[in-house]
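Chemist: The residues making up each chain are set out below.
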Amino acid sequence: MGNPPTAFGPVLRVALLALAGVALGGLGCQNDTGCAEDGTPCGGDPTGTWTLNDACRDPAFAAPLQPTYVDQPVAQARQPVAPTTSSDWCSAVAINAQGLSSFVFPHDTLSVSGTDSQVTYASDGTFQAVIHTAGQGEIDLSASCLQRFGVAVTCDALAAELTDYAARPRTVPSFTCSDSPGEQAGCAYYYTYSGIQCADNGSQGCACRYGVDFAGTFNGKWSMAGTQLVHFDAKKMLPTQADYCVGGGGSTLSLWGHDRMSLFDEPGLRTLKLQRMP
Amino acid sequence: MNKDKVGLSVAIAIALLAGAARAQTEPATPAAPAAAPPAVAAPAAPAAEGVPSSPLPPPVAAAPASGAAAPVAPDADASGWQAKLYGFAEIDGMYDTTQSYGPASNNVLLARPGSYEGSHPRSQLTINNSLAGVRLVAPDVHAGNSNIHTTGQIEVDFFGAQPTDATEATIFTTPALRLRLFYVRLETPAVDVLVGQYHDLFAWGGQGFYQNSVAFLGVAGEIYHRNPQVRLSKTWIAGNAQVDLAVAGVRPVQRDSAVPDLQGGLKLAWNGWRGAGAQGFGRPELRPLAIGVSGLARRFAVAEFLTNPGDPKIAYGWGLAVNAFVPVIGARSATDRGNALSLTGEFTTGTGTPDLYTGLTGGALFPLLPDPSGNITPPPLYRPNIDSGIVTYDANGNLKTIDWRAFVIGLQYYLPIGGGRVWIAATYSRLESANILALTPEASRGGVFIKQQYFDGSLFVTLTPAVQLGLSFQQTQQTFGDSPFNGAHPEGKNMRSEAGLRFFF
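Chains P and Y, in that order, give the protein sequences.
Counting in the working numbering, the first sequence runs from 1 upward without gaps.
Counting in the working numbering, the second sequence runs from 1001 upward without gaps.
In isolation and in its complexed conformation, chain P is listed as follows (with noise of 0.2 Å):
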């Protein structure tokens, strides 16, 4: 505290300039939000069948559920609850003598794409959104993954039983899904695995890569609310909404996902141009 008394005026000047320019420029400071909205809503009448022809998704993830919470005793006091891991490093796979029995085929946030992602608002008051998503996906089974079963796995063999696996008819949970844009309601999660190419990963594992295509059905009734669209899911979710705006003389449509929400139902899916099918 050795300072001696000066004049402070200039400098707290300086301090308080600086700091209201601290104050308005950091309140004014704003991140960049990926697929902002990026156009007006201007409503306008939606009906028809519209195809996909540009579209904007924030990469999301979310983190692998934790199977270690399911069915554990409520913590007590002073116990530690079951620690937060990462995911299987084996990725649940199972393959014996009999072949693969489990496996959960992992990747990355999907792009949208095709010309088969459509939606369709009837004029009864229904709508049905069929969006189609696809990407790579990669996994490094390691040799301790591949033998823990007491069978010894090439990796073209592997390859094979993926390939076989994914093949198989799945149910979610009780439903039979298939990849036509009359899917039943209760269907919206279907996957489907292409290319599946496996190699050694010079550690006696297998480095496999694969196409992921997943097609997710979204039906429901639609209303509209000024320049929004109310979508309620056949699924008995939550009603969403989605900003949007008919243009080009009717010909095209541009939704936005209200408050930034998602559109039907795909994380991270924020922003949908399409096209009026002929």
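Derived by calculation from the structure, the hints in this document are not laboratory data.
Bear in mind the structure is a predicted one, so any value in this text is a computation, not a measurement.
One should not assume that every hint holds.
Claimed, not checked - Output of the computed footprint for chain Y on chain P, the stretches with three or more beta carbons under 8 Å from beta carbons of chain Y:
#1 85-93
#2 100-110
Stated by the list, open to error - So these bits of chain P aren't anywhere near chain Y, every CB distance computed over 12 Å:
#3 G39
#4 C42
#5 T49
#6 T115
#7 A122
#8 S123
#9 D124
#10 E161
#11 A167
#12 Q197
#13 M224
#14 T227
#15 F232
#16 L238
Here a beta-carbon is modelled for each residue, glycine too, at the ideal position from N, C-alpha and C.
For this one, chain P is given, so just place chain Y on it according to the hints.
Modeler: Same frame as chain P, but now just chain Y:
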């Protein structure tokens, strides 16, 4: 300092320690450390930091013996104990463009772009960085022709561990005390001995190398840590040259390793070349040109990756740090520092050392135990006996340490206004891991970051000799491990504006 003040200081010290002890009580049972993050999401950042106090207590004004409080050595002289209360009251306001951080913008995982937390702002106002401490000087003890000088320091702030059910209001308005420093130092003719909790020797903590920023220390990418330790050091002075050599046995990062960490360092200083240097939001001091090299070695003995582990898996960690303080343009004195320009730098590399960077795990976790049948109830559970983010198990069940490498560089320039009462500082840092991605299962890579860049700019104003204002802009950018849309790794970014006011006492 009169007798009343000494008594007051000791009473305050006792009160602070009682509070700290209550706030940081260990569970009665020696359970394995819980690796789960706090349940309270609001102030997510762990361990925000204040500004370190001076490295070692200078002698304080003569004071009479305090009587009963002083353990009197048989050959103690009669000058008595000295005690000095010090600290600061501080308030900080910060505005962030994401909801990633608690009070400190350190190395915690940023919210991902496009997520709710990554798209919306947060503002905080906190006094938790306020700090109080007591420096103690015991009577010198004569040993032959020289003295044994004994000093100690107790220091607390308000970033103590909160219960997991603490509310946001509780955290900010009734914060818990945190013990920062608590040590005794014996300076003998042969060697100096420091016993207690002090800044880590690794990266020569508390020795003038910390960055100058309004951001709470440690800034992103910077080593900033305190640990219980036993340190032996020796200082040689020849003219303006000073050489410090030290070695320390430090609390093991994993108690079940059963072996203390080992840290060592060499510091060279040239007292003929001095410049102005402030650490964190602290007051500038006159510091010499200095360079420090330090290292650490540690052992891990981690429970095997099984539900019911047998013997542990063993791994070793190490670290290397190089620090420098360079007075590019010197200062005449600590209070006459106009036009002084100083540079600070730190380079660190190592493996199994993320705990020494504030809040750093990179998002790394232990993997999930396989459950190939998919129907084991309850699912198999692995309980690691070490904190998350330091080591993990790879796909073949091998214990691996996680690598990190960083550099931090900072400049501080004292404007020729009022003898340097207004100054600006800037910091840039880069932190990256070469193996965190390979040590994280594919499905979880979106939850780790592989690279972080940080920069800040700060303006400091000494309003009065006891009151200091700081303004700052800080930006952190992290590169996540996944590749959405089969493209580049996504990047998260946070911008922070911060203003702080500190009253030194």
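Chemist: If any of the earlier hints don't hold here, list their numbers in rising order.
Modeler: Failing hints: none at all.
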